[in-house]
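There are 2 protein chains.
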Amino acid sequence: MAQRLEAFATFGAYGKSGVWRTLYSPEWVDATDQFADWCIGAGLAVNRDSVGNVWGRLEGSEGGKSIVSGSHIDTVTPGGRYDGALGTIGALIAIEALAEQSGKPKRTLEAVALCEEESSRFRANFWGSRAIIGKIAPEVPDQIVGFDGITISDAMREVGLDPELCYQARRRDIDAFIELHIEQGPVLEAADCSVALVTGIAGLRGITITLEGVANHAGAFPMQQRKDPVAGFAEIVSGVIGIAKEMGSPAVTTIGRVNVEPNLATIIPGKVEFTIDARHADSDELKCMITRQDELMNEVAARLGLSLSAHVTSQHEACVSDPELMVELECAAGTAKVNPIKMVSGAAHDTQQISKIARTAMIFVRSQGGRSHTPEEFSSLDDIVDGIKVLAGTLHRLAY
Amino acid sequence: MAQRLEAFATFGAYGKSGVWRTLYSPEWVDATDQFADWCIGAGLAVNRDSVGNVWGRLEGSEGGKSIVSGSHIDTVTPGGRYDGALGTIGALIAIEALAEQSGKPKRTLEAVALCEEESSRFRANFWGSRAIIGKIAPEVPDQIVGFDGITISDAMREVGLDPELCYQARRRDIDAFIELHIEQGPVLEAADCSVALVTGIAGLRGITITLEGVANHAGAFPMQQRKDPVAGFAEIVSGVIGIAKEMGSPAVTTIGRVNVEPNLATIIPGKVEFTIDARHADSDELKCMITRQDELMNEVAARLGLSLSAHVTSQHEACVSDPELMVELECAAGTAKVNPIKMVSGAAHDTQQISKIARTAMIFVRSQGGRSHTPEEFSSLDDIVDGIKVLAGTLHRLAY
Numbered sequence: 001m002a003q004r005l006e007a008f009a010t011f012g013a014y015g016k017s018g019v020w021r022t023l024y025s026p027e028w029v030d031a032t033d034q035f036a037d038w039c040i041g042a043g044l045a046v047n048r049d050s051v052g053n054v055w056g057r058l059e060g061s062e063g064g065k066s067i068v069s070g071s072h073i074d075t076v077t078p079g080g081r082y083d084g085a086l087g088t089i090g091a092l093i094a095i096e097a098l099a100e101q102s103g104k105p106k107r108t109l110e111a112v113a114l115c116e117e118e119s120s121r122f123r124a125n126f127w128g129s130r131a132i133i134g135k136i137a138p139e140v141p142d143q144i145v146g147f148d149g150i151t152i153s154d155a156m157r158e159v160g161l162d163p164e165l166c167y168q169a170r171r172r173d174i175d176a177f178i179e180l181h182i183e184q185g186p187v188l189e190a191a192d193c194s195v196a197l198v199t200g201i202a203g204l205r206g207i208t209i210t211l212e213g214v215a216n217h218a219g220a221f222p223m224q225q226r227k228d229p230v231a232g233f234a235e236i237v238s239g240v241i242g243i244a245k246e247m248g249s250p251a252v253t254t255i256g257r258v259n260v261e262p263n264l265a266t267i268i269p270g271k272v273e274f275t276i277d278a279r280h281a282d283s284d285e286l287k288c289m290i291t292r293q294d295e296l297m298n299e300v301a302a303r304l305g306l307s308l309s310a311h312v313t314s315q316h317e318a319c320v321s322d323p324e325l326m327v328e329l330e331c332a333a334g335t336a337k338v339n340p341i342k343m344v345s346g347a348a349h350d351t352q353q354i355s356k357i358a359r360t361a362m363i364f365v366r367s368q369g370g371r372s373h374t375p376e377e378f379s380s381l382d383d384i385v386d387g388i389k390v391l392a393g394t395l396h397r398l399a400y
Numbered sequence: 001m002a003q004r005l006e007a008f009a010t011f012g013a014y015g016k017s018g019v020w021r022t023l024y025s026p027e028w029v030d031a032t033d034q035f036a037d038w039c040i041g042a043g044l045a046v047n048r049d050s051v052g053n054v055w056g057r058l059e060g061s062e063g064g065k066s067i068v069s070g071s072h073i074d075t076v077t078p079g080g081r082y083d084g085a086l087g088t089i090g091a092l093i094a095i096e097a098l099a100e101q102s103g104k105p106k107r108t109l110e111a112v113a114l115c116e117e118e119s120s121r122f123r124a125n126f127w128g129s130r131a132i133i134g135k136i137a138p139e140v141p142d143q144i145v146g147f148d149g150i151t152i153s154d155a156m157r158e159v160g161l162d163p164e165l166c167y168q169a170r171r172r173d174i175d176a177f178i179e180l181h182i183e184q185g186p187v188l189e190a191a192d193c194s195v196a197l198v199t200g201i202a203g204l205r206g207i208t209i210t211l212e213g214v215a216n217h218a219g220a221f222p223m224q225q226r227k228d229p230v231a232g233f234a235e236i237v238s239g240v241i242g243i244a245k246e247m248g249s250p251a252v253t254t255i256g257r258v259n260v261e262p263n264l265a266t267i268i269p270g271k272v273e274f275t276i277d278a279r280h281a282d283s284d285e286l287k288c289m290i291t292r293q294d295e296l297m298n299e300v301a302a303r304l305g306l307s308l309s310a311h312v313t314s315q316h317e318a319c320v321s322d323p324e325l326m327v328e329l330e331c332a333a334g335t336a337k338v339n340p341i342k343m344v345s346g347a348a349h350d351t352q353q354i355s356k357i358a359r360t361a362m363i364f365v366r367s368q369g370g371r372s373h374t375p376e377e378f379s380s381l382d383d384i385v386d387g388i389k390v391l392a393g394t395l396h397r398l399a400y
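Line by line, the protein sequences are chains A and B.
Start counting the first sequence at 1; every next residue gets the next number (the working numbering).
Start counting the second sequence at 1; every next residue gets the next number (the working numbering).
No lab work stands behind these hints: they were computed from the structure.
Check the hints yourself; a few may be wrong.
Which copy is meant is left open, because identical chains are indistinguishable; a pair holds if it fits in one copy or across any two.
Keeping only pairs whose Cα atoms sit at most 30 Å apart, straight-line, the calculated BS3-like set for lysine-lysine is [to be verified]:
#, residue 1, residue 2
1, K342, K65
2, K227, K245
3, K227, K271
4, K245, K271
5, K16, K271
6, K65, K135
All chains, full assembly: derive it from the sequences and hints.
In structure tokens form, the structure reads like this:
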């Protein structure tokens with residue numbers, strides 16, 4: 001496992017421990033070739049679908065729908081060696097070990113390397129998994145322009161894919177999907193545990209708020225006559241964060257992007273644009289949080305004489321892991337003598353997409369310092385082995 | 001007056017009513033030439049000093065120190081027709097009228113066009129007035145690089161000035177300086193008055209604060225484990241604004257510039273850098289406000305586990321108008337049948353610099369909507385005439 005993670009990290013190596021691997025780049029192509037080679041070496045039949053997901057298939061004797069595991073192989077820019085790669089290589093290693101130790105399964109097992117989970121090159125996250133569930137409209141590849149100015153269509157053609165055939169990636173024969181992934185947070189470290197079984201993935205609403213007041217001279221305008229959007233912004237930030245804290249874990253709310261105009265020290269700003277990312281694993285609780293936050297924002301804007309407009313930029317339903325799969329994961333953990341905790345994923349994952357067409361669950365491996373999306377992200381080999389044991393055990397219970 | 005303001009606005013005309021006139025630019029040179037021509041036409045002796053201030057002098061029969069009025073002729077980018085230009089042309093018109101109506105004065109009268117009050121081309125505000133009070137060190141013209149990448153030294157040479165001679169602009173023979181200026185705020189409009197006599201100019205402290213936490217995944221990090229500098233920023237903004245409001249007018253506090261890193265919607269920011277501009281016309285009250293704001297910031301940072309560093313970027317002492325000059329202004333206003341209010345200037349002015357070597361006072365003219373630093377700034381001709389009447393009357397009382 002360690003060698004494979006290291007070898008895989010050479011495709012798009014960035015500095016000492018970083019990886020910079022964006023969709024349809026030469027290093028991404030090399031990584032897919034490597035994954036395909038490893039699949040072939042493990043005796044799996046390789047299939048590259050029409051958007052670039054790579055599938056390694058171990059045919060079951062009884063046919064039927066597949067049991068699938070995998071994750072993504074694109075990274076943030078720059079990211080580390082574990083986010084995505086761990087679950088992709090982990091799935092392959094688990095199936096390879098099962099094939100060696102237990103031979104041909106009854107049910108078909110597949111390992112998959114998914115593409116563009118991160119939106120690193122194109123504002124098109126979950127590109128691979130959305131293709132699998134049939135959620136990419138025909139016009140989309142021409143419409144989405146990457147940060148390098150190239151459309152997805154052109155980037156696909158450059159690597160030999162036909163953007164008109166995206167629809168062919170649709171799968172209707174997946175029974176269960178189990179994703180192994182690093183936690184990307186500090187919960188496992190705080191609990192002193194190597195592995196978590198993920199009970200669900202938080203739903204989220206991302207919005208961009210524009211708060212407008214009147215720009216004026218910082219000295220000449222008395223406080224009482226100001227319409228200062230930064231004052232309103234501050235009240236809103238404290239308020240929406242306060243609501244998330246009051247609701248308690250797993251509610252989270254983040255103000256990640258803030259742009260002020262004209263952004264000069266001696267001018268009362270005229271406009272603040274900012275994002276609010278609100279998440280909760282329970283759909284009803286998420287709705288409740290969002291409603292309270294929206295009410296608070298409108299109250300602040302009205303009271304301070306500011307105009308407020310909101311634009312929803314992303315919305316994902318909360319996703320609950322399949323109860324039967326959770327039982328299998330727990331049994332497998334028990335057999336492997338791993339003592340996992342159960343937790344909710346605050347981060348979004350491909351699993352959330354695939355849950356629309358299959359039973360899903362996830363396994364988390366502890367992240368050192370809770371860090372991810374950085375070359376410094378790290379998970380120990382011991383922890384990784386625990387995660388793969390639980391994954392392999394579960395696949396064995398489901399497929400043999 | 002209206003014609004001259006209009007003619008003057010053609011030097012650096014920007015759109016319909018805007019002006020974009022930066023120090024030592026060709027349009028600035030044209031404006032100084034125009035001012036000098038008008039001075040000559042009014043019978044004044046013209047002197048251009050070593051930094052580019054232009055002086056029009058009406059010699060008094062008794063000699064002695066001068067009675068001076070004027071303002072700056074550079075603009076923000078873009079600014080309007082009134083900020084600075086009003087006080088420059090207003091001084092000339094007042095002295096021209098006095099010379100016509102009352103002949104040679106006892107005391108010498110001067111009208112002056114000052115340069116780079118705004119920091120529009122160089123981070124060197126009050127350049128002209130600082131030269132007059134002898135506050136420009138010899139090495140400075142070489143050190144300050146403009147927003148266009150050119151040093152003040154090179155820009156001076158381009159317009160025929162010798163940067164090594166800045167010290168020659170020093171004046172030791174100014175008795176009184178009276179500046180006519182647009183209010184740049186909404187106070188006169190709210191009071192339904194054309195003119196204000198300015199009792200003092202607010203002192204200010206400008207600081208840049210850097211608040212550092214730890215950047216992390218917006219979904220995967222529970223609220224309790226975050227070190228979110230935006231949360232701290234919000235508390236600080238509400239706190240420092242609250243202190244200014246509580247202290248009451250003329251205390252003001254503005255957060256004008258905010259930069260967040262990495263500034264992505266799904267990442268808890270690691271760093272927020274922002275400015276705080278705090279002003280008060282009473283030095284002791286300003287100190288008190290700053291002390292309370294600093295304590296509040298440190299408390300918030302410590303409580304949220306954030307590191308805070310502060311860098312003072314500007315500091316001006318509050319400046320109180322000369323009591324005797326204020327009496328002359330009031331008498332002149334009474335004679336002219338103008339009913340001015342008295343108010344403090346929250347905005348900084350050249351007067352603040354010149355107060356270090358002379359008795360000073362200011363006259364404000366109402367700004368429509370309180371607006372300035374924009375092509376839309378406007379003051380009516382009636383209001384302007386009221387302001388010039390008070391100025392001319394005061395100069396008459398002082399010089400004849």
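query: Which holds for K227 with K271 at a C-alpha limit of 30 Å: within a copy, between copies, both or neither?
result: Classified as both; 10 Å inside a copy, 26 Å across copies.
message: At most 30 Å between CA atoms: does that hold for K245 and K271 within a copy, between copies, both, or neither?
response: Classified as both: same-chain Cα gap 27 Å, cross-chain 21 Å, threshold 30 Å.
- prompt: Which holds for K227 with K245 at a C-alpha limit of 30 Å: within a copy, between copies, both or neither?
  reply: both (29 Å within a copy, 14 Å between copies)
message: Please sort K16 with K271 into within, between, both or neither, judging by C-alpha distance up to 30 Å.
response: Classified as between; 24 Å across copies, 41 Å inside a copy.
- request: Have a look at K342 and K65 and pick one of within, between, both or neither, based on CA distance no larger than 30 Å.
  value: within (27 Å within a copy, 85 Å between copies)
field: Intra/inter-copy verdict for K65 and K135 if alpha-carbon distance must be at most 30 Å
entry: Only inside one copy: K65 and K135 sit 20 Å apart there, 83 Å across copies, limit 30 Å.
The structure is consistent with each of the numbered hints, conforming to all of them.
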